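Between the sequences and the hints, there should be enough to build the whole structure, so can you do that?
Top line first, the protein sequences correspond to chains A and B.
Counting from 1, one number per residue, gives the positions in the first sequence under this note's numbering.
Counting from 1, one number per residue, gives the positions in the second sequence under this note's numbering.
Because the hints were derived from the structure by calculation, they are not lab data.
The reader is advised that the hints may include incorrect statements.
To be verified - The list that follows gives simulated cross-link-like pairs (lysine to aspartate or glutamate, EDC-like), each with its CA atoms no further than 20 Å apart: (1) B:48 x A:99; (2) A:331 x B:104; (3) A:341 x B:117.
Since we're looking at a predicted model, the values are computed, not measured.
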Amino acid sequence: MNVGIVGYGVYIPRYRIRLDDIARVWGEEPSRVKQGLMVEEKSVPAPDEDTATISVEAARNALKRAGINPQDIGAIYVGSESHPYAVKPTATIVAEAIEATPNLTAADMEFACKAGTAGIQACAGLVEMGQIKYGISIGADTAQAAPGDPLEYTAAAGGGAVIIGKNDGEALAEIEGTYSYTTDTPDFWRREMRPYPKHGGRFTGKPAYFKHVVSAAHGILRQLKLTPQDFAHAVFHQPNGKFPCQVAEELGFSKAQIACGLVVPKIGNTYSGATMIGLAAVLDKAKPDERILVVSYGSGAGSDAFSIKVKKAIEEKRDLAPKVEQFLNNKIYIDYSTYTKYKSLLVR
Amino acid sequence: MAAPRFWREIPNRYNLIGTRCGNCNKVFFPPRYICPQCRRMGKLEPYKLSRRGKIVTYGVVHVAPEGFEDLVPYVLAIVELEDGPRLTTQVVDCDPNEIKIGDEVEMVFRRIGADREDGVIYYGFKFRKVE
Chain A
1 MNVGIVGYGV YIPRYRIRLD DIARVWGEEP SRVKQGLMVE EKSVPAPDED TATISVEAAR
61 NALKRAGINP QDIGAIYVGS ESHPYAVKPT ATIVAEAIEA TPNLTAADME FACKAGTAGI
121 QACAGLVEMG QIKYGISIGA DTAQAAPGDP LEYTAAAGGG AVIIGKNDGE ALAEIEGTYS
181 YTTDTPDFWR REMRPYPKHG GRFTGKPAYF KHVVSAAHGI LRQLKLTPQD FAHAVFHQPN
241 GKFPCQVAEE LGFSKAQIAC GLVVPKIGNT YSGATMIGLA AVLDKAKPDE RILVVSYGSG
301 AGSDAFSIKV KKAIEEKRDL APKVEQFLNN KIYIDYSTYT KYKSLLVR
Chain B
1 MAAPRFWREI PNRYNLIGTR CGNCNKVFFP PRYICPQCRR MGKLEPYKLS RRGKIVTYGV
61 VHVAPEGFED LVPYVLAIVE LEDGPRLTTQ VVDCDPNEIK IGDEVEMVFR RIGADREDGV
121 IYYGFKFRKV E
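So, in structure tokens, the structure goes:
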């Protein structure tokens, strides 16, 4: 592939709720919940934040790093399972807010938690065929969970944006290849007009997350004739802290290789944003020539794997926008009652 | 608010596009289409304003208008942008007790309101303190 990443950016809302507070409400033992999920706290969107506002902030940060003319963007894809409208694209709001309109294509993507990486593949294809100069793919969510459902401990908000262009001097990383693994696996879903998703409990593990992430990872390693030792970093979709650690071990990656990109303990599961924010956290720290394995997972189910090689331009671009760590540390704690008000569970 | 009225103001609300008089260089936001100083000599053109500014003065809203009830107490401030114009805006994600006149703020993209449950959602600028 002759495709690279020319800019990336993230946005994470400032509000946090501790898992202790949620566990106490439902009569669960906080330490057991936190240990089981390997999550400490999760991000909560402010009442005036949604997937569109998070996407715009992430895209603006990606543009700061890319330093390109937004009029040169030929495609915008926004991947999410919490688009503010059922009909009316989030992508047009983002396009207008980053001044990329009107000469471009735009669409919303939906594939549970992997719609953002699906957008990267679409942009990469359009760049490779010469149809567009740059494409931007965003993965963002304000995840919903029914009160008392185990999902409530992790369903968080945040997003990441990646700008794709040719693999030339301005690219901060090269996309060496991509491989996807997709089957019809009903492990997690939300029906039309329903506010909260349902899931298959333990069925979301072995036949769903693990099977698809492992298969996609093996696929890309086979395709590019690489082994886990060829990668300095690996980012796996992180619905909780436990799953990415277990899948890394199963694939032969060490704890050190996944440390940089594991952000879920501090912000929870940002769904479509999760893999994108993980990748951004790695790019914030990676050195030129280091290789990153990225594997997303979307319920339903599928995984997109990428092999990404960091280039020299990273060093001059990474400081041009706020880093993931700045978002992780810049927080305001709220209690469970305020959380229910912010999530419109408590209505006056 | 009617959807077309909001739609007309999208460049101003999303990206702080005002106008500048090519004759006297004065910048206007919200955009003016006649320069009050240069009158018919004025040449007004679109001008993208700086997204940073300082709080000139502010108040804390405890009794909010419809649609903003769940945000109280919140800060409503007059912000002077680096290019000169002043605008009234909400300052988000802050403790109202920690806001001071002179604080540096930057533009953020937020939901401003919506026409009921099934209407159009309006987005636009608000500001936050620069950390």
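Starting from residue 331 (chain A), check that the Cα of residue 104 (chain B) is at most 20 Å away, please. 19 Å, holds
Tell me if the straight-line CA distance from residue 48 (chain B) to residue 99 (chain A) falls inside 20 Å. 11 Å, holds
Taking 20 Å as the top limit, are the C-alpha atoms of residue 341 (chain A) and residue 117 (chain B) close enough? 17 Å, holds
Going through the hint list in order, the structure satisfies each hint without exception.
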